[in-house]
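My request is simple: use the sequences and hints to build the entire structure.
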Amino acid sequence: MIQINQLSKKYKGAEVFSVKDLDLKVEKGEIYGLLGPNGAGKTTLISMLTSLLKPTSGTFTIDDLNFKEHKNELKQLIGIVPQEYALYPTLTAYENLEYFGSMYGINGGALKKSIQHHLEIMGLSKFANKKTATFSGGMKRRVNLIAGILHQPKVLFLDEPTVGVDVQSKNVIIDHLKYLNKQGTTIVYTSHHLNEAEIFCTRVAIIDNGEIIVEGVPSELINNHVAANNLEDVFLARTGNALRDYA
Amino acid sequence: MCFWQERVMHFEIMHKLWASTYKELLLLLRDLGGIAILFVMPMLLLIVITLVQDSTFKTISDITIPVLLVDNDKGEVSKNIIDNLSESNSFQILQKDSEEEAKEAVFAGKYQLAIVIPESLSTSLQKKVNQNVEGILSKFGLEEDSLLVKKETIPVKEVRLYFDPATQVSFKSSVKNGIDKMISKIETQSIYKAFQSELGEDEDESIFDTENFIAFKEILPTKNNEEIVPNSAQHNVPAWTLFAIFFIIVPLSINLVKEKNQGTFVRLRTQPVNYATVLGGKTIVYLGVCLIQFTLMLLVGIYIFPAIGLPVVDVTGKLFLLYVVAIFSGLAAIGLGLLLGTIAKTQEQAAPFGATTVVILAALGGVWVPVFVMPKFMQLISKISPMNWGLEAFYDVFLRNVSFVKILPEISLLLLFFLLTILIAIIYNRSKNAV
Chain P
1 MIQINQLSKK YKGAEVFSVK DLDLKVEKGE IYGLLGPNGA GKTTLISMLT
51 SLLKPTSGTF TIDDLNFKEH KNELKQLIGI VPQEYALYPT LTAYENLEYF
101 GSMYGINGGA LKKSIQHHLE IMGLSKFANK KTATFSGGMK RRVNLIAGIL
151 HQPKVLFLDE PTVGVDVQSK NVIIDHLKYL NKQGTTIVYT SHHLNEAEIF
201 CTRVAIIDNG EIIVEGVPSE LINNHVAANN LEDVFLARTG NALRDYA
Chain V
1 MCFWQERVMH FEIMHKLWAS TYKELLLLLR DLGGIAILFV MPMLLLIVIT
51 LVQDSTFKTI SDITIPVLLV DNDKGEVSKN IIDNLSESNS FQILQKDSEE
101 EAKEAVFAGK YQLAIVIPES LSTSLQKKVN QNVEGILSKF GLEEDSLLVK
151 KETIPVKEVR LYFDPATQVS FKSSVKNGID KMISKIETQS IYKAFQSELG
201 EDEDESIFDT ENFIAFKEIL PTKNNEEIVP NSAQHNVPAW TLFAIFFIIV
251 PLSINLVKEK NQGTFVRLRT QPVNYATVLG GKTIVYLGVC LIQFTLMLLV
301 GIYIFPAIGL PVVDVTGKLF LLYVVAIFSG LAAIGLGLLL GTIAKTQEQA
351 APFGATTVVI LAALGGVWVP VFVMPKFMQL ISKISPMNWG LEAFYDVFLR
401 NVSFVKILPE ISLLLLFFLL TILIAIIYNR SKNAV
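Protein chains in written order, with my numbering: chain P, 1 to 247; chain V, 1 to 435.
These aren't lab readings, by the way, just hints derived from the structure by calculation.
In this text, a Cβ means the ideal position worked out from N, Cα and C, and glycines have one as well.
Errors might be hidden in some of the hints.
Said to hold, decoys possible - Ranges of calculated distance between the beta carbons of each label pair, as one might list FRET restraints:
1) P:I199 to V:I427: 42 to 50 Å
2) V:K383 to P:D63: 53 to 61 Å
3) P:D63 to V:Q262: 28 to 36 Å
4) V:I360 to P:G240: 51 to 59 Å
5) V:S412 to P:K112: 39 to 47 Å
6) P:D64 to V:K345: 31 to 39 Å
7) V:F11 to P:N129: 24 to 32 Å
8) V:I427 to P:H192: 37 to 45 Å
Claimed, not checked - One side only, chain V facing chain P, incomplete, derived with CB under 8 Å:
9) H15
10) L27
11) G263
12) L268
13) R269
Structure (structure tokens):
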């Protein structure tokens, strides 16, 4: 579904590459986790795959469509759930979703049905007509997610979709993502919650300094690592304990 | 691409434009404080400015300025000056005994003007005139003792004027001109009188007509055979309405910067929608805001101005053209606001830059100082200010009573400015976010 070849990104004025000669293949129907410490290059990679950043070099295709030649088709094909709440705080949840759904070209009854369906699953129906400024972090995250899936994308990119939410909201989000995956949506997501990724992902890649340092099925990665009881042990063994503060 | 595909694509673009417009409308309606500022402040500005400027449009006789006068002459000329000043109804004469006292009061800002008439002005003027008249007559051999005329040196007399340093240059100029004209008239009449006494045997016989031969008449544009007399309202409504319309730059640019900062713009960039559609929605809503602003300001001019003693704004037969100018001025302002919002990264950049730009454009456009009194270089620069095009178009309709064809060049420039700014915004956005 996603084929990345030698993809690199070096920001203007930066000394090092944020993503360096990265090769990656994500199969259709996978839930693929991109894990890594702060500044590893996860968000940069997702930003390139979602048309937000221009790669310095390399190519990628999604559903066999090249990103340079089929920019608009790709945008219709993918959905994105950004890390920040990309919502208008003075609009209601319904108005936000109606607008973002319209921008995907959905309209009329189909849009209304899709919004109501997702709000129902996410437990937000009774808050549909409330301004999102009054929502809790967990509620905003759920609306943020719905805004990226209204058009039933083939590939869904999520940048830390469960950061800063309570356990209940997190479970609803993860359950819905699993449901979408069963419906045929390929999911690529980044997270710092390694326990969540261990259970949720079919495959993961640990990225550090813009490069994939290990990739595979979570259970296999744990088994292949001596003294590793979980994905967090593998992660620390491969990325080290040093703090990754950067500015 | 087949016909139906094209139709579907067209429909999709229109649907996205409608959704963008509806979203912008909702965002605006949810900010009641913002709406109040957008509509109330321009009206307040218009009323205050018109009240302040109303006096400058009234004739000089409507205003009485207290003036200090020191009469060191106490003769016929000073009496003439005092009478003339009093008769003009523009000045309330307050006599002072000493020049120093008058000077101090004026320089302290208590009075705007002091006039000091020099000692023996009347006798010196009479001597000078007599000397000149006798000199002329002796040349023609008309003076009986022409050979005996001996020239006495008469020192030049000066009427001193003291102005409050805070007095505006235009006021000083008009007072100086007025007094200069009055003194010239007194001098001329003295010359006529001297000739009369030298030539006429009968003192009462009038040889010269001492009234001005050349008179001035201002011809004003007419409508239905009635002269259109400009007043402060006719001048201020277009100027300050335009100023308010252009102030849309500030909230509009902030609106765009907010979108970038709150992450919604990031989401839009990942969606199959082009930047022109996003800008289109904002343009439609904010153009509506401009037109409501314009309507409210016209209503103020028509209904509130007369109620507070200001001249009424006459829009009879001009409404269509006025709205045409308002639409194109609004588009020019929106284009600039969208360009600024596209380039600015923070609200701290957008707001002060936008506000200052409007003030500069207003100054260049002739909102405060007429373009013709600006230095040549600034006059050239003012020609590239969209506010100047808008103001000229408004004046054309309001004061010059022209037809649609006459305002075509100005509204075409405003439209071109809108298209150009939008184009630059789209190109800039594309270059910054190219993938």
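Which hints, by number, does the structure contradict?
The structure breaks none of the hints.
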